[in-house]
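The primary structure of each chain is shown beneath.
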Amino acid sequence: MKRRHFVRRRPFTALGAFLLIALLGWIWQERVALWAFPDIISAYTAKEYCSCRYVMNNDAQYCRGYVKQWLPVSGFTDDSAAKRVSVEGLGRSNSAQWLGERQGCRLNP
Amino acid sequence: MLKGVSLLFLLLVSLTAQAETWPGEQWSTTPTPGGPALQALEAYAFPPRDDVSRKGVRTDALLVIRDGRLIYERYASPTTVDTPHLTWSISKSLIATVLGVAYAEGRFKLEDPAAKFYPPLAGHPKLTLSDLLHWASGLDWQEDYEYAPLKSSVVAMLYTRGHQDMARFTAEHDEYAPPGQAFRYSSGDSNLLAAALKTIVGPARYADYPWTALFEPLGIRHAVWETDATGTFVASSYAYLTARDLARVGLLMARDGRWGDRQLLPADWVAFNRQPFARYQSHQDEAVPGGHWWLNRDADGAARPWPDAPPDTFAALGHWGQAMYVIPSERLVIVRYGDDRDGSYRHNELLKRVRQAFAGTVQP
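So the protein lines, in turn, are chains Y and H. Oh and the first sequence: position 89 is 89 in my numbering, straight run, nothing missing. Oh and the second sequence: position 37 is 37 in my numbering, straight run, nothing missing.
For reference, chain H alone in the conformation it holds in the complex (with noise of 0.2 Å):
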């Protein structure tokens, strides 16, 4: 009896595999709806591109993933199918997502102390991975990019006094708030995480180990991800995927952190992404703040960030408009790719539009 109803139980999660649609070597797809709400959409992403100006949307790649078949993509030059796009701050959700994996080797736990895999932060001995990856180090970090460019920590990070050793001047910084208790997005923080994670997964490793835990598994052949002069990777910033690449880390995502039959990352990983950080207050940032991912949740009183998508939506989000949107209830991943230089793209009036170009309830 109980051998018949495992086999049962089989037998449904094979038919449930069939159903599903996995891309391999290339996405399978689907044809693309065409009409007055799809030209609404490109009127919004692709409008007429001033290079000289440099103002309004300038979207360099738009792609859709529907039911985990391609439904859309457009590229505007020089950006193509092939070309491995810088990512920003998308990079920080990737490392999340490596470090998932990470997890899933039971090498961590999230309340670990992160001096007990990075000891430069020995001085901050209450600090813990869950801290950073809520960005509430409480370290006394200033994001500002262009606006602030001599007390900008990031800059400095970047291109002057951090840029050997990204970490390590992370850590340097002085502390404004006990760890975990107050929310001040910071690429510093995003960089201990890629640190921390040398010791986790150990030197050996270390240098493959995006590639051989997260790009590979999921069929991702020409990832990029710089590092400093140590060798951290430089997870605040610089990853580089093709769209049709990036939209493969969005399925895991849609799906719970499992690829084919492979639970990649942990079911309660993936909740930890996805879990508002409790003490985010209300327009401290353009998203709320969840395990290194951007939630559209109602957070502190404050009505959703993007009204215009359902509350399980989340995004990977950075510089200049990059961003990868994931809404698990209309099976939809959504990757943009861009060169916003005057903040005008609004991530709701594209998510607005894209829903009604696609969130279609046709299954294939």
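Next up, chain Y with everything else stripped away, as it sits in the complex (with noise of 0.2 Å):
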């Protein structure tokens, strides 16, 4: 008896077998742009959300609107006392804090 190729008998289960493998593969291949990835609009708001109000010296209500992209952003903080914006989105958190009147605002580590 002829023994039947295993992709001719599941063929389905075969091209799933193959994305799956091609999709580990490819997150495998890039695991730190994946992981980092998550912080880009947490950072990304809380920066130049920083820089717009304590640089440019707009005022809040602009600022929100400046920096809104289309990924919701939520735990928004903005510390005018202490010139430090906060901002979690995507299960990150980012924060970046304005250091003076020449060096404007920093993305804290």
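Errors might be hidden in some of the hints.
Below, a list of computed lysine-lysine pairs in the DSBU-like style, where the Cα atoms sit at most 30 Å apart [stated by the list, open to error]:
1. K68(Y) to K55(H)
2. K198(H) to K83(Y)
3. K116(H) to K126(H)
4. K151(H) to K68(Y)
5. K109(H) to K198(H)
6. K126(H) to K151(H)
Derived CB-CB ranges, DEER-like [as the list claims (entries may be wrong)]:
7. Q142(H) to K68(Y): 20 to 26 Å
8. W70(Y) to Q275(H): 38 to 44 Å
9. R64(Y) to K109(H): 35 to 41 Å
10. F76(Y) to Q263(H): 45 to 51 Å
11. K109(H) to Q61(Y): 47 to 53 Å
12. E172(H) to L23(Y): 24 to 30 Å
13. E105(H) to F76(Y): 43 to 49 Å
14. T29(H) to F76(Y): 41 to 47 Å
15. G91(Y) to D112(H): 43 to 49 Å
16. Q61(Y) to D140(H): 54 to 60 Å
17. L19(Y) to P307(H): 58 to 64 Å
No lab work stands behind these hints: they were computed from the structure. The structure displayed is predicted, hence computed values, not measured ones. By construction, the Cβ of each residue, glycine as well, lies at the ideal position given by its N, Cα and C atoms.
Could you fit the two chains together into a complex? Lean on the hints.
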């Protein structure tokens, strides 16, 4: 009896397995970029809001609109006494700090 | 006899200098000519603004200098005459201008290897400062801002993996081409220049150098330049100047690096800024790259990027519509700040209308 090749017996399972392996390979290859990716929205919002508000001296309402992106943020805090901005989004949290007249704002580590 | 000739020469030079107008603490002004050409310019630059959809041309500031005098300026709320506006990638041309002052001090040569001043580039010994100024490092950099966020080197550099030490993040990229052989616009290249400057002028002078070398001599009082956690200027993106102050840098460039009677930038430095990069292929970018400035030149068989502006036009350009155009032949400097989110703004259209409104040959 001739054994049929696995791919011919279970074509959809084989295709699914192939795609899963390809996906895992891609995730492994891009693991550093993928891990960093969720930080983008909170880091971007914290840094650019801080500079909009405390470097360009625009009002808070304008700056909230200025940094608005298609991804939502949560936990937005603007401590105007300390000139420190903290933002949460996609499960990550980032903050930016105004440092001085010439240095402007910087994202905290 | 010789003495007489040199005296006559001095007299001529001082007469020329007197005929030239330079800004002091403030710009001298000259009346804005009205009429349909000005209306057409304003209709293009300042259409009704929609802050919800953020569509269309959204100019924050427009300022025109002719013959060293302020001839036109207009701002759109919340930007004012006092706003140090984010310049985004105009910062790149500013770091080149700061480097030009260090070049005048004789602190480096264009063909020096970048690794001489920034050791993390030791793996790229053939990469020169000239290559970095041409955005031709050969490093495998991805510049996309919003459309490929996962693969974008610039987003990772500014906000995630690279933000603490942007130059080192850049230097860790692989090489895709030998240095100096191919143009690929890279914010990383600009930040490598900022890191090299630290060694070029020495760490003691570095933190104040853009101010002492460039801003203060030009009378710029309120410049902000953000740094990464290592203190390196974010030369790719984060310089902030008022429109009036940025125009001072434009006037310096329009007059070949001279400010009053001081040659701040050597003539050969400005010539390098304005020389097209020979390996640039047409349509690789929106204008022709020179030495960290953008040129309106026909290159590689293609027409000029801005056909309605003269071929000597050059510019510093940034994200979301930031622009400073310099037209030496018409003695014009134009600063345009914006918040364009949909890419509908056209440099050529603005240049055409500004020239129709202001490029008269009338001397003040």
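Any of the earlier hints contradicted here, and which numbers? 9, 16 and 17
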